[in-house]
Every structure is written in C-alpha cells, then in structure tokens.
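Peer 1: Based on the hints, put chain B in the right spot on chain A.
Protein chains in written order, with my numbering: chain A, 823 to 1127; chain B, 3 to 126.
Hints are computed from structural coordinates only; laboratory data are not their basis.
Keep in mind the model is a prediction, meaning the values are calculated, not measured.
Heads up, some of the hints might be wrong.
[Unchecked claim] Here are the simulated DSS-like pairs of lysine-lysine, each with C-alpha atoms no more than 27 Å apart in a straight line:
(1) B:Lys105 - A:Lys974
(2) A:Lys974 - A:Lys934
(3) A:Lys861 - B:Lys78
(4) A:Lys974 - A:Lys985
(5) B:Lys22 - B:Lys78
(6) A:Lys974 - A:Lys857
(7) A:Lys973 - A:Lys886
(8) A:Lys842 - A:Lys857
(9) A:Lys973 - B:Lys105
(10) A:Lys920 - A:Lys973
(11) A:Lys845 - A:Lys831
(12) B:Lys22 - A:Lys861
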Amino acid sequence: MGAQLRVYKRRIRSVTATKKITKAMEMIAASRVVKAQRKVAASTPYAQELTRAVTAVATGSDTKHPLTTQVETVTRSAVLLLTSDRGLAGAFNSNAIKAAEQLTERLEREGKQVDTYIVGRRGVAHYNFRERTIADSFTGFTDEPSYADAKKVAAPLIEAIEKDTAEGGVDELHIVYTEFVSMMTQTAVEARMLPLSLDEVAEESSAKGEVQPLFDFEPSAEDVLDALLPRYVESRIYNALLQSAASKHAATRRAMKSATDNAGELINTLSRLANAARQAEITQEISEIVGGSAALADATAGSDK
Amino acid sequence: MAAELHVALVAADREVWSGKATLVVARTTTGDIGVMPGHQPLLVVLESGPVTIRTSEGGTVVAAVHGGFISFADNKLSLLAEIAELSDEIDVQRAERELERAKAEGDATAARRADVRLRAVAAR
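In isolation and in its complexed conformation, chain A is listed as follows (with noise of 0.2 Å):
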C-alpha cells in the first residue's frame, strides 16, 4: 500500500471512532434533556402552589419582611449565574457567561457595586482565569440538581440578603440562567429575583381569575410569611438549575449532532481521496508493467535478429 493511502485509512479510522463516540454522547444527552424536563415538570405543582400561598399572604396582609421590601438606593446586588460543569454543550456556559457580565456591566454603570455568586464549574473557571472575585460558588450538581442543592445556593444568597448593606449584605439578587424554550431553542435570560414584589406575584395569578378568600393565619402572618418567602425563593432557584439542566443537555445534543454529521461528512471526503489515491497507486502499477514489458519485449526483440 502507497504512503498516501496509508495515510486516509489511518485518517478514516480517527474520525470514525470519534464519530462513535460523538453518536454516544448525543444519544446520551438525549435521553437526558427528556429526563430533566420531566423534572421541571415534576416541581411545578410545588412552584404553583407555593406561588398561590405567597399571593395569599400577599393580598390578605400587609405584612413586611426583608425579602420584599425595596431598597431606595441600591448600592450592592447579587449576580447568581447558572453553568454547567461540564462542557461540550455549545455556545450554552458563553452565552450564559455573556448574559451575566452585560448585566453586572449595567448594574455597575448604575453605580452598584455586583457580588457574583456562581453554580457550576464553567462559570468558576471563566471567572478565575479572569481573577474576578467570586462572592461564592456551587459546584458538582449541575446535571441532575436535586432540591437539596437549591436550597444549599440560596441559603447564602437569603442570608446576604437580609444582613444590612453596611454589614456587607446586598440589596437585590439578579439571576441568570439558560431558559429551556423548546429542544432546538434555549436562551440565557436574566431576572431580578429579590426583593420580591409581592404585587407582581399577585398580578401573576390574579391574571389568572383566582379571586383570593380571606385567609387565617398560624401562628401569624409575619411568621407565615417568614417560613414561606425563603421557600418561595429555593424553588425559584430549583427551577432555575432544573431548567439550566435541561437547556445543557439540549446544547450537549446539539453540539454533538453537528460534530457526529461533521465526521460522517469527513469521513465521505476521506474516503474520495482514498478512493483517488488507491485509483491513481494501480494506474501507476498498470502503467508501470506495461512499460517494463514493453521495454523487455523491445529488448528481445533486438537480440533475436
């Protein structure tokens, strides 16, 4: 076998093994994205109710509590950004990354000063090969989070968020995160979680023509309220990372069906040239014996006379 040839068969069976696995993975990361939505389905009930209780409170009282009430001038936020751990996924941990620096590029504009807190491994290395200071980070569930994990990310978020600012609390909490539109769309979007709005929650659901009973409260509404406001913002959180998970297993899926259609696409070329080579190795060899016959027959025929 010519050099040449050697060298596309080699080439052929590099990409065709990458090829198996890049088909693995999307594979993979399919039967994933279809397992992380019914997740997100799974927590709505719990979202919605919740949802419908924090409304209750909200229109049958007008109780305060840190995690509503809004500051006049804000002078620190939080920024809580949402990766993965691992990547393969696309443009899905840069677009997240892109979404939250545009945003801390604002809040600081407006003269605030943005702690980042970050979920995920990608997000912590971006940030630390940048040497940005991270507030805090979160990392190892990003694929499958259960609720224990939001509740482990907000528990510093809801603490910073009830100290004073002078303490070195903050005053608002902004989120972003990869929204899961459908299996070809994910978009990173941005929402200001904290202070919640009470009217906007109630708006929410009113919208939906739920007229509110008057509501009894045990032991009392600030304590109701209490217990129920941080709940409400773990499963905002949850939702967020269950989403999150989703929107990367659909990146990973597509990331790797391209990779899969760019190695059968190589593959075919490859094996063109290999064909060409091969062609061109045994019109060489034909052309090859018949010159030397040639010659041999010239040859003789010469002696003989």
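Peer 2: This is chain B only, laid out in the frame that chain A set:
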C-alpha cells in the same frame, strides 16, 4: 355523601399523594390542627412530623413531612413540603440505622429527619 375535601400532598420535586379526604391532622408550630371539610381558609406553618390523612374510603394515609405548609381554601387543601414521604415508602430499618448513626455523630437535623420517619410509620 359525606362532606369531603380535596387533598394534594406536594413535595418540592414530585406530587406525593392526592385524593379525597374527610380529615387531615398535622402538627403546626403551635400545636396539632385538624382540618375538616368546610374549614375557613387557612395558611399554616407545619412542624416536621407525621401528617395523617383520613381518606373518603375510610383508609388512612400517613406521611412524614419536613418543612411544610398547609394552605386550605375552597375545600382544597394543599400540603406543601420540601420533603414528604408516605409511611409505606419508608424503610423502617434504614430509618432506624440512620437515627443511630445521626445520634452517634451528633447530627441533629438528620436525627430529627429519621425520627419523623419512624414516628410516621408508628402512626400508621
């Protein structure tokens, strides 16, 4: 037809149980509370502990509930909890092992969690 209320027991990551019931008994921060059909609208913070639901068919469902609420309106009762397990789902031996381990390690929250599970099974 006896009066009944609709109960949905919802944990953070799944719906644990839903159906019709005649009585729901739960432990609040200020004491036990029983909710029957026609109760006035209610929003209650629960202690971690067993919740007993008497179903319309006469059966009893007991669940271990951690960090929960009851909201009741329009004869619909929602039991929200961070973690909720039906007593049939609880592995007694495992809960007992966990309780011992948690006590040995001085892990108060884990011990309470295991204790609530065992109490839920005992109440069945």
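Peer 1: Next, verify each hint and record whether it holds.
Peer 2: Verification of the hints:
Only pairs whose Cα atoms come within 27 Å are accepted, and Lys105 (chain B) paired with Lys974 (chain A) is accepted, the gap being roughly 23 Å. For the hint linking Lys974 (chain A) to Lys934 (chain A), the alpha-carbon distance of about 26 Å falls within 27 Å, and the restraint holds. In summary, the hint linking Lys861 (chain A) to Lys78 (chain B) is supported, as the alpha carbons are separated by about 25 Å, within the 27 Å threshold. Between Lys974 (chain A) and Lys985 (chain A) the alpha-carbon distance is near 18 Å, which keeps this suggested pair within the 27 Å criterion.
Between Lys22 (chain B) and Lys78 (chain B) the CA atoms are separated by roughly 9 Å; this keeps the pair inside 27 Å, and the hint holds. For the given pair, Lys974 (chain A) sits about 22 Å from Lys857 (chain A) by alpha-carbon distance, which is consistent with the 27 Å threshold. Taking the CA atoms of Lys973 (chain A) and Lys886 (chain A), the gap is about 23 Å. The hint holds against a cut of 27 Å. The suggested pairing of Lys842 (chain A) with Lys857 (chain A) holds, with an alpha-carbon distance near 23 Å, which does not exceed 27 Å.
For the hint linking Lys973 (chain A) to Lys105 (chain B), the alpha-carbon distance of about 24 Å falls within 27 Å, and the restraint holds. For the hint linking Lys920 (chain A) to Lys973 (chain A), the alpha-carbon distance of about 26 Å falls within 27 Å, and the restraint holds. Restraint check: the Cα-Cα separation between Lys845 (chain A) and Lys831 (chain A) comes to about 21 Å, which is no more than 27 Å; the hinted pair holds. Between Lys22 (chain B) and Lys861 (chain A) the CA atoms are separated by roughly 26 Å; this keeps the pair inside 27 Å, and the hint holds.
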